[in-house]
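Asker: With the hints as your guide, set chain B onto chain A.
Line by line, the protein sequences are chains A and B.
For any residue, its number in the numbering used here is found by taking its place in the first sequence, counting from 1, and adding 365.
For any residue, its number in the numbering used here is found by taking its place in the second sequence, counting from 1, and adding 1320.
Please keep in mind that the hints were generated in silico from the structure rather than gathered at the bench.
Everything numeric in this text was worked out from a predicted model, so none of it was measured.
Glycine included, C-beta positions come from ideal geometry on N, C-alpha and C.
Warning: the hint list may mix true and false statements.
Said to hold, decoys possible - If you want the footprint, here are the derived chain A segments under chain B, 3+ residues with CB under 8 Å:
1) 394-400
2) 447-457
3) 508-517
4) 552-564
5) 573-581
Unchecked claim - List time: in silico BS3-like cross-link candidates among lysine-lysine, alpha-carbon distance up to 27 Å:
6) Lys-536/A / Lys-1339/B
7) Lys-521/A / Lys-1336/B
8) Lys-536/A / Lys-1347/B
9) Lys-1403/B / Lys-570/A
10) Lys-522/A / Lys-1377/B
11) Lys-536/A / Lys-1403/B
12) Lys-521/A / Lys-1403/B
13) Lys-570/A / Lys-1386/B
14) Lys-1368/B / Lys-521/A
15) Lys-570/A / Lys-1338/B
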Amino acid sequence: MMSYSKYFVRQIPVIGKACQERLKKSSVLIAGMGGLGSTVATILTRNGISSLYVVDDDVVDETNIHRQILYSIEDVGKKKVEIAKRRLEKTGFSTEIHPIFQKVEKNFRIPKVDVVIDCLDNGRSKTLLSELAAKESIPFVHAGVNGYVGQILTLKKKTLSDVLSFPEDMKETPVLLQVISLVASIQAMEVVNLICEKPNNLIGKILFVDLLDYDFEVVNVEDV
Amino acid sequence: MRLHVEFYSTLRLDLKIKKLEYESDGKLTVEQLLHRLSLDVNPAIYDKLVKGGQPIKGTNILINGKSFWHLNLLDTPLHNGDKVQIFPPAAGG
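The following block holds chain B by itself, in its conformation from the complex:
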């Protein structure tokens, strides 16, 4: 399975990663992807987004343009070719 993963906003600046193609032998959920990215790409990824098994408020993950908050959160299954976009929105004015 191949996923298109993109980071935006302050997360992009913190991780110093913009986009990557992630390949997996088997199926993944959002949580499993975040774990894998922490192992393979940057160890900070998972802890920046998840705490106590729940997504931290302000974690935004779009799967093909749809917010995971309105899907199955961390249990949302991912499919081959999915675009996964991860960011914390800025709230200052």
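Chain A with its partners taken away, still in its complex shape:
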């Protein structure tokens, strides 16, 4: 078995040795293990993050498989967080995966983590999670997708309701894996940038992604 650093010989020239060392000691919480969460968890595990808390109160459904990359048809009916733990651990990097089979509600306790990652699928829960993260002064990386579009925003002090009003919850938001993968990749990049204190980040900036017209634009938000 290779030592930890040997696994990342191709990655270290990109992010730097010091950053890789930080990832080795970092811990994150991913709320929502659907499309975004599956992809973010996969990327961060393979980046070498030390521990992931994965939160979801749902089981795998056959309509999830086209976009939720951690699950297969054989997993239908099983708890997402348990399957995610099994699949992520198979990467073999000794990442600690902590499954939390729970809905994010007012009494949800955020464990001691470096970043909270919003991969939830409705505005109400996203807003609530941002409030819980702000209470613990933990950076919050929000993302949302809808059809061809999505957005990513990082908050350090404020909550989502300081910046965004979400529409009434859509039961079945239209979604496409290409958009999910792109938005989740940007979220994962943002998490690494925050942990490693890189100068480029999305604190106080909404990055809008549009894969219909191949448009990517940043909008600055005040006081966040």
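Answerer: Only chain B this time, still in chain A's reference frame:
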């Protein structure tokens, strides 16, 4: 008065408009701007964002980076050179 108006997310795709410069002879509030945009640019604009005289939940209008929900909502006055960015955020995951 000249305003920089920008649309994002699904609103941009629906209206097929990204950005425009809007000129007005007099002062405008946010609501007046939305009315004018419906007349001059695309008739769908106002009804997509306002219902019964109130902004629809999910309507986001940033004026120079500040959410109108924390200003004066539709009565927020606009000034020459203001950047007005309008979008519904995506909430799927």
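Asker: Does each hint fit the structure? Answer for all of them.
Answerer: We went through each hint and held it up to the structure:
| no. | hint | result |
| --- | --- | --- |
| 1 | 394-400 | holds (count 3) |
| 2 | 447-457 | violated (count 0) |
| 3 | 508-517 | holds (count 9) |
| 4 | 552-564 | violated (count 0) |
| 5 | 573-581 | holds (count 5) |
| 6 | Lys-536/A / Lys-1339/B | 31 Å, violated |
| 7 | Lys-521/A / Lys-1336/B | 33 Å, violated |
| 8 | Lys-536/A / Lys-1347/B | 41 Å, violated |
| 9 | Lys-1403/B / Lys-570/A | 15 Å, holds |
| 10 | Lys-522/A / Lys-1377/B | 23 Å, holds |
| 11 | Lys-536/A / Lys-1403/B | 33 Å, violated |
| 12 | Lys-521/A / Lys-1403/B | 24 Å, holds |
| 13 | Lys-570/A / Lys-1386/B | 12 Å, holds |
| 14 | Lys-1368/B / Lys-521/A | 31 Å, violated |
| 15 | Lys-570/A / Lys-1338/B | 18 Å, holds |
Going down the numbered hints, you'll see the structure goes against 2, 4, 6, 7, 8, 11, 14, while the others check out.
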